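Participant: Using the sequences and the hints given, assemble the complete structure.
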Amino acid sequence: MQLPPANSFPARRLHARYPQSYAGSGGLSTVFDSIDRTTESRLTTSVDPERLADHVDRLAELRRYPGTEDQWAAAEYVTDRLDAYGVDAELHSVEGYVSVPEDATVTVTAPKRVVVEEAITTAFAANTSVGGVSGELVRLDSPEAAADLDGAVAFLTGLPTPDAVRKLEAAGAGAAVFGSPAEDQLHEMIVSPVWGTPDSDTADRLPKLPVAEIHPDAADRLAALVAGDDVEVTVETQVTTELRELPCPVGHVEGTASDRRFLVGNHIDSWHEGVTDNATAVAATLELARVFAADPPARGLTVGFWPGHSMGRYAGSAWYADTNWLDLRENGVGYLHVDLNGLAGADQIWYQHMAEVGPEHLDVLREASLPLRDPTEANDLLGETERPGRNSDQSFWGAGLPSLLSGARFSGDHPDAGPVGGGWWWHTPEDTRDKVDVELLAEETELYTRLASRVCNSPVLPQDHRETCEDVRETLEAIEDASSGRLDAEPAYERLSALEESLESFAAAVDGAVSFDPAIEDVQVRLSNLLIPALYMSEPEYEHDPALPHDLLGYLRVAEELPDRSGPARRFAEVKTTRGVTKLAHRLERAERVVADFLADRD
3 MQLPPANSFP ARRLHARYPQ SYAGSGGLST VFDSIDRTTE SRLTTSVDPE RLADHVDRLA
63 ELRRYPGTED QWAAAEYVTD RLDAYGVDAE LHSVEGYVSV PEDATVTVTA PKRVVVEEAI
123 TTAFAANTSV GGVSGELVRL DSPEAAADLD GAVAFLTGLP TPDAVRKLEA AGAGAAVFGS
183 PAEDQLHEMI VSPVWGTPDS DTADRLPKLP VAEIHPDAAD RLAALVAGDD VEVTVETQVT
243 TELRELPCPV GHVEGTASDR RFLVGNHIDS WHEGVTDNAT AVAATLELAR VFAADPPARG
303 LTVGFWPGHS MGRYAGSAWY ADTNWLDLRE NGVGYLHVDL NGLAGADQIW YQHMAEVGPE
363 HLDVLREASL PLRDPTEAND LLGETERPGR NSDQSFWGAG LPSLLSGARF SGDHPDAGPV
423 GGGWWWHTPE DTRDKVDVEL LAEETELYTR LASRVCNSPV LPQDHRETCE DVRETLEAIE
483 DASSGRLDAE PAYERLSALE ESLESFAAAV DGAVSFDPAI EDVQVRLSNL LIPALYMSEP
543 EYEHDPALPH DLLGYLRVAE ELPDRSGPAR RFAEVKTTRG VTKLAHRLER AERVVADFLA
603 DRD
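With the numbering used here applied, the sequence shown closes on residue 605, and no number is skipped along the way.
Hints are all accurate, no fakes.
What follows is a list of derived Cβ distance ranges for each label pair:
no.: 1; residue 1: Val132; residue 2: His588; range: 52 to 62 Å
no.: 2; residue 1: Pro431; residue 2: Arg468; range: 44 to 54 Å
no.: 3; residue 1: Ala521; residue 2: Glu496; range: 20 to 30 Å
no.: 4; residue 1: Gly347; residue 2: Pro542; range: 40 to 50 Å
no.: 5; residue 1: Ala149; residue 2: Asp519; range: 52 to 62 Å
no.: 6; residue 1: Asp415; residue 2: Glu247; range: 41 to 51 Å
no.: 7; residue 1: Ser43; residue 2: Pro542; range: 34 to 44 Å
no.: 8; residue 1: Glu247; residue 2: Arg468; range: 42 to 52 Å
no.: 9; residue 1: Asp85; residue 2: Asp415; range: 43 to 53 Å
no.: 10; residue 1: Glu92; residue 2: Glu541; range: 27 to 37 Å
Calculated directly from the structure, the hints in this document are not laboratory data.
Just so it is clear, the structure is predicted and the values come from calculations on it, not from any experiment.
Quick reminder that beta carbons are idealized off the backbone N, C-alpha and C, glycines included.
Facilitator: Dropping the structure here:
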């Protein structure tokens with residue numbers, strides 16, 4: 003799992019449509035009465051902790067770096083297991099652009115020579131030539147404070163992220179040194195904002211900045227030097243960035259009543275041994291596939307084991323989304339990302355999801371022995387939002403797949419939390435077999451089994467697009483307020499109201515369905531096709547937004563700057579918002595037409 007870019011949209015009120023069940027009461031968060039909550043009880047009894055442990059033990063022996071013999075061995079193991087379980091499995095070879103950090107040094111050259119004892123670099127950092135990059139060390143409180151660095155070496159505390167590196171590079175830094183925020187640990191990172199293997203338009207957005215990360219105590223010594231004198235440093239980095247052939251196992255269990263399918267994915271690569279990130283998730287997905295192959299679902303289940311996650315900025319899942327976009331858009335009904343499972347000592351269940359799948363997701367998670375996270379708590383390390391961000395192989399927004407993520411994590415005030423709630427060992431050589439709680443891993447696998455069963459076996463998909471509309475309305479109103487009334491969103495509001503009215507009629511028409519009706523399924527899939535890219539994406543749906551801080555209705559956010567703009571800058575922003583409102587209104591209109599046509603056929 004990679005550190006998620008911060009989502010800058012505000013924390014949303016918790017689930018207004020189903021307040022009782024979300025608040026943790028005993029009631030079910032009923033989207034529709036047609037949800038199958040019976041089959042899951044049979045399926046979860048088949049989850050086998052011993053098989054999970056065997057998978058983890060086998061994968062823990064392998065350093066699954068991109069395109070290496072160990073990664074191919076892991077992929078072949080996965081494919082063999084899927085075959086043995088009766089899953090239709092295929093091992094793809096994907097040419098991906100990946101980046102493996104090799105070495106870094108940071109040396110103080112003035113006022114006196116001091117070699118920092120240990121440093122690492124990051125995936126997709128720039129290589130330095132012989133002798134490195136030298137310059138004045140400039141202490142910054144944050145990347146936002148960077149300005150007119152003119153070749154200086156930026157020095158700040160925090161994990162190196164794509165957004166930070168992008169800002170430092172734009173400010174003219176010659177290199178960057180990050181002091182790790184974690185005591186005694188250096189966390190491996192990736193600093194490219196480009197999603198997946200770059201294309202001819204995005205390749206020039208790859209970082210051009212050498213980046214090093216040093217221990218907190220070394221950072222403290224550097225900070226003391228900078229406070230008292232002019233400091234010169236030399237940064238040297240070595241990174242192998244190249245095309246490699248990556249293994250990507252994919253398995254499929256055919257549905258008995260529908261050609262559509264639920265996609266479950268994890269990443270097969272790792273930093274170092276990477277047992278909790280991500281051998282445990284590979285094990286959980288294998289077990290999920292075995293259980294469903296033995297008891298085939300009504301809708302299909304596809305499992306993907308993505309390479310190029312940690313060192314390719316989601317190259318594997320992006321390749322699968324690009325290659326199968328047309329089929330996923332027609333037949334995909336959702337994406338569950340499985341990551342960072344079986345964390346020994348975890349004290350809460352973390353989750354994110356798109357609004358339309360939230361009710362059923364949370365109803366399943368209430369079965370867990372651990373309490374649910376409270377996204378409004380200040381100590382939640384993964385952000386104050388329930389909505390997915392640009393991280394965690396979220397490659398399927400353009401294809402219109404509702405997204406869900408969940409698993410056991412540490413709360414922010416837990417001593418073992420680390421920087422993202424995934425353990426202090428996250429992205430370090432300490433992510434080893436002893437960090438795994440197999441009993442917890444089995445419980446998480448049972449939760450995923452319940453969730454997949456509801457998606458795959460319910461006559462009506464557990465998706466309520468009235469909730470999606472509520473997200474659109476709340477976000478649009480917040481942007482409008484921030485614009486001080488300068489945003490004219492009436493065309494979007496008009497069509498949103500019409501869609502909300504039609505969705506109420508749709509819900510009444512389909513509630514209680516007891517058999518699979520392709521027409522109902524078509525409506526739900528088409529609504530996701532139209533609304534998810536409209537709400538979540540700024541790029542066209544055939545592309546991928548970058549791995550940077552993300553806003554809902556991001557293409558309208560420039561309206562928030564209108565009160566502070568004047569002259570040409572104001573007019574340019576107005577033109578963009580006019581086009582953005584048209585884009586949103588058109589999507590809402592098309593979505594309403596899908597529902598209206600269905601209702602007309604039922605009359």
